[in-house]
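This is what each chain is made of:
2 protein chains.
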Amino acid sequence: MSLVVIGSVAFDALETPFGKTDKIIGGAATYITLSASYSVKPVKLVAVVGDDFPQSDVLLLQEHGVDTEGLQVKAGEKSFFWSGKYSTDLNSRETLQTELNVLADFDPIIPDSYQDCKYLMLGNLTPQVQRLVIQRLVNRPKLIVLDTMNFWMDVALEELLTTIEMVDVLSINDEEARQLSGEYSLVKAARKIMAMGPKYLIIKKGEHGALLFCKNKVFFAPALPLEEVFDPTGAGDTFAGGFIGHLAATDDISFDNMKRAVIHGSAMASFCVEKFGTERLINLTKKEIEARERQFAELVNVEPISIEA
Amino acid sequence: MSLVVIGSVAFDALETPFGKTDKIIGGAATYITLSASYSVKPVKLVAVVGDDFPQSDVLLLQEHGVDTEGLQVKAGEKSFFWSGKYSTDLNSRETLQTELNVLADFDPIIPDSYQDCKYLMLGNLTPQVQRLVIQRLVNRPKLIVLDTMNFWMDVALEELLTTIEMVDVLSINDEEARQLSGEYSLVKAARKIMAMGPKYLIIKKGEHGALLFCKNKVFFAPALPLEEVFDPTGAGDTFAGGFIGHLAATDDISFDNMKRAVIHGSAMASFCVEKFGTERLINLTKKEIEARERQFAELVNVEPISIEA
Chain Y
1 MSLVVIGSVA FDALETPFGK TDKIIGGAAT YITLSASYSV KPVKLVAVVG
51 DDFPQSDVLL LQEHGVDTEG LQVKAGEKSF FWSGKYSTDL NSRETLQTEL
101 NVLADFDPII PDSYQDCKYL MLGNLTPQVQ RLVIQRLVNR PKLIVLDTMN
151 FWMDVALEEL LTTIEMVDVL SINDEEARQL SGEYSLVKAA RKIMAMGPKY
201 LIIKKGEHGA LLFCKNKVFF APALPLEEVF DPTGAGDTFA GGFIGHLAAT
251 DDISFDNMKR AVIHGSAMAS FCVEKFGTER LINLTKKEIE ARERQFAELV
301 NVEPISIEA
Chain V
1 MSLVVIGSVA FDALETPFGK TDKIIGGAAT YITLSASYSV KPVKLVAVVG
51 DDFPQSDVLL LQEHGVDTEG LQVKAGEKSF FWSGKYSTDL NSRETLQTEL
101 NVLADFDPII PDSYQDCKYL MLGNLTPQVQ RLVIQRLVNR PKLIVLDTMN
151 FWMDVALEEL LTTIEMVDVL SINDEEARQL SGEYSLVKAA RKIMAMGPKY
201 LIIKKGEHGA LLFCKNKVFF APALPLEEVF DPTGAGDTFA GGFIGHLAAT
251 DDISFDNMKR AVIHGSAMAS FCVEKFGTER LINLTKKEIE ARERQFAELV
301 NVEPISIEA
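From first to last, the protein sequence lines stand for chains Y and V. For the first sequence, UniProt numbering begins at 1 and goes up steadily by one. For the second sequence, UniProt numbering begins at 1 and goes up steadily by one.
Because the hints were derived from the structure by calculation, they are not lab data. Honestly, I wouldn't trust all of these hints.
To be verified - Partial list, computed: chain V residues near chain Y (C-beta under 7 Å):
1) 89
2) 184
3) 208
4) 218
5) 220
6) 222
7) 225
8) 253
9) 259
10) 300
As the list claims (entries may be wrong) - Heads up, simulated DSSO-like pairs for lysine-lysine below, C-alpha to C-alpha not over 27 Å straight-line:
11) Y:275 <-> V:215
12) Y:286 <-> V:217
13) Y:287 <-> V:188
14) Y:205 <-> V:205
15) V:275 <-> Y:192
16) V:275 <-> Y:217
17) Y:217 <-> V:85
18) V:217 <-> Y:188
19) V:20 <-> Y:188
20) V:287 <-> Y:217
21) V:205 <-> Y:275
22) Y:85 <-> Y:275
23) V:217 <-> Y:205
24) V:188 <-> Y:275
25) Y:286 <-> Y:275
26) Y:275 <-> V:217
27) Y:192 <-> V:205
28) Y:215 <-> V:287
29) Y:205 <-> V:188
30) V:78 <-> V:205
31) V:287 <-> Y:188
32) Y:188 <-> V:275
33) Y:85 <-> V:188
34) V:192 <-> Y:275
35) V:41 <-> V:20
36) V:199 <-> V:215
37) V:85 <-> Y:188
38) Y:205 <-> V:192
39) V:275 <-> Y:205
Source: prediction; values computed, not measured. No residue lacks a Cβ here, since even glycine has one placed at the ideal position from N, Cα and C.
Okay, chain Y solo, but in the shape it has when bound:
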């Protein structure tokens, strides 16, 4: 079930209350592909880096089953770079530096071998570029998932709305859902956003879990209460990668299976935040993932309620 992922592959420099990193591998597509790779292989990557991007990091992706044929390496150019600093409670972050570099004029080239794409994950990027990928696929994928952020609502709303109209699943956080819909109630927000095109809406609420909407149905996946959150970078992308990875692996886009995909994505994200950057994500075992998913099931598990008079 061919899975194609587009998004940034980049350098991040992170500062959390627990320490800071030099430039490490980051970017939406990095987290998405690594996370999805635990469900399905290969994960076909479309992205661009500069020639400053180390071959060892490309190898790291390949070792996890990421097909890098669609990864363009631009000679003489630099990779996208983002640096940020988190607040003490990790609930907000400040962008210290953003260098678009190769992303400034990213032209997403789809290798012929990617044309069998059945599941398409559009990681956070300019909405125009996300749309180009859809247009360049000869056959429309069975499922298109779009992840975006408030930045594009601020600077490119019309472009974003045009892209949103073309996808099946939109994944945003609660504040973004409120901004996009103009509604505070997430139930009302979801209804308005689904009227914009997507049949499914995922609202990510960070430490408060995630909601999945489809028509009048709603599913809630809790977040695991964690002892320690070390670095939230990439948690949303890791969630998205786990979500679409599960769907691609099972090739089942029923609402019931989407629920399982949301739980799986939440479990993957709960690993991501335990260490800096991709550190935790690159060394997971199937056993650990299964155990974590059982924890999620346990967390909300309750015997049927008996009603009293």
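Chain Y is already provided as a structure; the job is to place chain V on it using the hints.
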């Protein structure tokens, strides 16, 4: 299974983005007893009001199965009064006026007929008064639940800690759990707070649901995503009333049954916020409550996860 509830019975004047009320019946014990009354009758109330408190409101409680023998009416004095105004998103509120009146020197008298108390709910009040109730019961109840708030952590921490040590279940919100423990992580906060005495800890997260901790076990009950929240006043008390009402009705304090009690409390709270004050809470049917509980079950219901390679 005799249930005794202590807390304020009072007047509230509320202002939300959807309108405002004159003085209406309010107070922690009002919400707790009304909510519990849908699970178990009678609910034995210990509280104090002034002679300005209308007989019709006392009758309202009695009609719901509330035993008001322990409700003192102070001649020539006025009832506790609180007025508050909610922010546009209902997530914060400003206290406009607080008149302690009869609460200033409340001496909680326990009628002899309350001495069979097996379940004791200490609604939000001065910790000294909450403690007096425990001391005045000849036999220690099977289960004591304490609800409190940040105000007492600010002004009477030592008294509060002494009282907390004596109870089985503490119910507070996430910010209060962080303040009481000095820990941001709710898992760490829970561990520290349970070391203060209570075997069980409930952390209420409002629109984000509630967590129930016991030793190393944790249970999460979501909040129902609501179309419209009209007035959040009393939601926490209604939750507490539903929680202890379910336990008293079933006389089962296993962790499994406490989970059900948390779900039932959450369902009751979801009704409370739909209208002003106690309006929604006084006209519920068993059928409506059962349907709401099924919605809670549906919200997190998922078939067992199949793990893929």
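Going down the list of hints, with the structure as the test:
1. For residue 89 of chain V, the suggested interface contact is upheld, since its CB lies about 5 Å from the closest CB of chain Y, less than 7 Å.
2. At its closest, the beta carbon of residue 184 of chain V sits 5 Å from a beta carbon of chain Y; the interface hint therefore holds under the 7 Å criterion.
3. Checking residue 208 of chain V against chain Y: minimum C-beta separation of about 4 Å stays under 7 Å; hint holds.
4. For residue 218 of chain V, the interface hint holds, the least distance from its beta-carbon to any beta-carbon of chain Y being 6 Å, beneath 7 Å.
5. Interface restraint check for residue 220 of chain V: the shortest CB-CB distance to chain Y comes to about 4 Å, inside 7 Å, so the restraint holds.
6. Of the supplied interface hints, the one on residue 222 of chain V holds, with its beta-carbon coming within about 5 Å of a beta-carbon of chain Y, less than 7 Å.
7. Restraint check, residue 225 of chain V versus chain Y: the minimum CB separation of about 5 Å is within 7 Å; hint holds.
8. Interface hint status for residue 253 of chain V: violated, as the beta-carbon distance to the closest one in chain Y is roughly 15 Å, over 7 Å.
9. A least Cβ separation of about 4 Å between residue 259 of chain V and chain Y falls short of the 7 Å threshold, and the interface hint therefore holds.
10. At about 4 Å, the closest approach between the beta carbon of residue 300 of chain V and any beta carbon in chain Y falls short of 7 Å, and the interface hint on this residue holds.
11. Pair hint residue 275 of chain Y plus residue 215 of chain V holds up; C-alpha atoms about 26 Å apart against a cutoff of 27 Å.
12. At most 27 Å may separate the alpha-carbon atoms for a hinted pair to count; residue 286 of chain Y and residue 217 of chain V meet this at roughly 24 Å.
13. Taking the CA atoms of residue 287 of chain Y and residue 188 of chain V, the gap is near 26 Å; set against the 27 Å cutoff, the hint holds.
14. A hinted pair counts as satisfied when its Cα atoms are at most 27 Å apart, and residue 205 of chain Y with residue 205 of chain V qualifies at roughly 13 Å.
15. Of the pairs offered as hints, the one joining residue 275 of chain V and residue 192 of chain Y holds, with about 24 Å between alpha carbons and a cut-off of 27 Å not exceeded.
16. Note on residue 275 of chain V and residue 217 of chain Y: the hinted pairing holds, with a Cα-Cα distance of about 24 Å set against a maximum of 27 Å.
17. Between the alpha carbons of residue 217 of chain Y and residue 85 of chain V the distance comes to roughly 33 Å, so the proposed pair goes past 27 Å and is violated.
18. The hinted pair formed by residue 217 of chain V and residue 188 of chain Y fails the criterion: a straight-line CA distance of about 34 Å is larger than 27 Å.
19. Between residue 20 of chain V and residue 188 of chain Y, the direct Cα distance comes to roughly 23 Å. Compliance with the 27 Å bound is thereby established for this hinted pair.
20. Restraint check for residue 287 of chain V and residue 217 of chain Y: the C-alpha separation of about 21 Å stays at or below 27 Å, so the hint holds.
21. About 26 Å separates the Cα atoms of residue 205 of chain V and residue 275 of chain Y, which keeps this hinted pair within 27 Å; it holds.
22. A hinted pair counts as satisfied when its Cα atoms are at most 27 Å apart, and residue 85 of chain Y with residue 275 of chain Y qualifies at roughly 15 Å.
23. Distance check on the hinted pair: residue 217 of chain V and residue 205 of chain Y sit about 23 Å apart at the alpha-carbon level, within 27 Å; holds.
24. As the CA atoms of residue 188 of chain V and residue 275 of chain Y are separated by approximately 18 Å, the hinted pair is consistent with the 27 Å bound.
25. Pair hint residue 286 of chain Y plus residue 275 of chain Y holds up; C-alpha atoms about 18 Å apart against a cutoff of 27 Å.
26. Distance hint between residue 275 of chain Y and residue 217 of chain V is fulfilled; the C-alpha atoms sit about 24 Å from each other, no more than 27 Å.
27. In summary, the hint linking residue 192 of chain Y to residue 205 of chain V is supported, as the alpha carbons are separated by about 26 Å, within the 27 Å threshold.
28. Straight-line distance between C-alpha atoms of residue 215 of chain Y and residue 287 of chain V comes to about 25 Å, which keeps the hinted pair within the 27 Å bound.
29. Among the hinted pairs, residue 205 of chain Y with residue 188 of chain V is consistent with the structure: their alpha-carbon atoms are about 21 Å apart, no more than 27 Å.
30. Pair hint residue 78 of chain V plus residue 205 of chain V does not hold up; C-alpha atoms about 33 Å apart against a cutoff of 27 Å.
31. Among the hinted pairs, residue 287 of chain V with residue 188 of chain Y is consistent with the structure: their alpha-carbon atoms are about 26 Å apart, no more than 27 Å.
32. For the given pair, residue 188 of chain Y sits about 18 Å from residue 275 of chain V by alpha-carbon distance, which is consistent with the 27 Å threshold.
33. About 24 Å separates the Cα atoms of residue 85 of chain Y and residue 188 of chain V, which keeps this hinted pair within 27 Å; it holds.
34. Distance restraint check for residue 192 of chain V and residue 275 of chain Y: the Cα-Cα separation of roughly 24 Å lies within the 27 Å cut-off, and the hinted pair is therefore satisfied.
35. Taking the CA atoms of residue 41 of chain V and residue 20 of chain V, the gap is near 32 Å; set against the 27 Å cutoff, the hint is violated.
36. As the CA atoms of residue 199 of chain V and residue 215 of chain V are separated by approximately 7 Å, the hinted pair is consistent with the 27 Å bound.
37. In summary, the hint linking residue 85 of chain V to residue 188 of chain Y is supported, as the alpha carbons are separated by about 24 Å, within the 27 Å threshold.
38. At roughly 26 Å between alpha-carbon atoms, residue 205 of chain Y and residue 192 of chain V fall within 27 Å of each other, so this suggested pair holds.
39. About 26 Å separates the Cα atoms of residue 275 of chain V and residue 205 of chain Y, which keeps this hinted pair within 27 Å; it holds.
Consistency with the previously given hints fails for numbers 8, 17, 18, 30, 35, ordered from lowest to highest.
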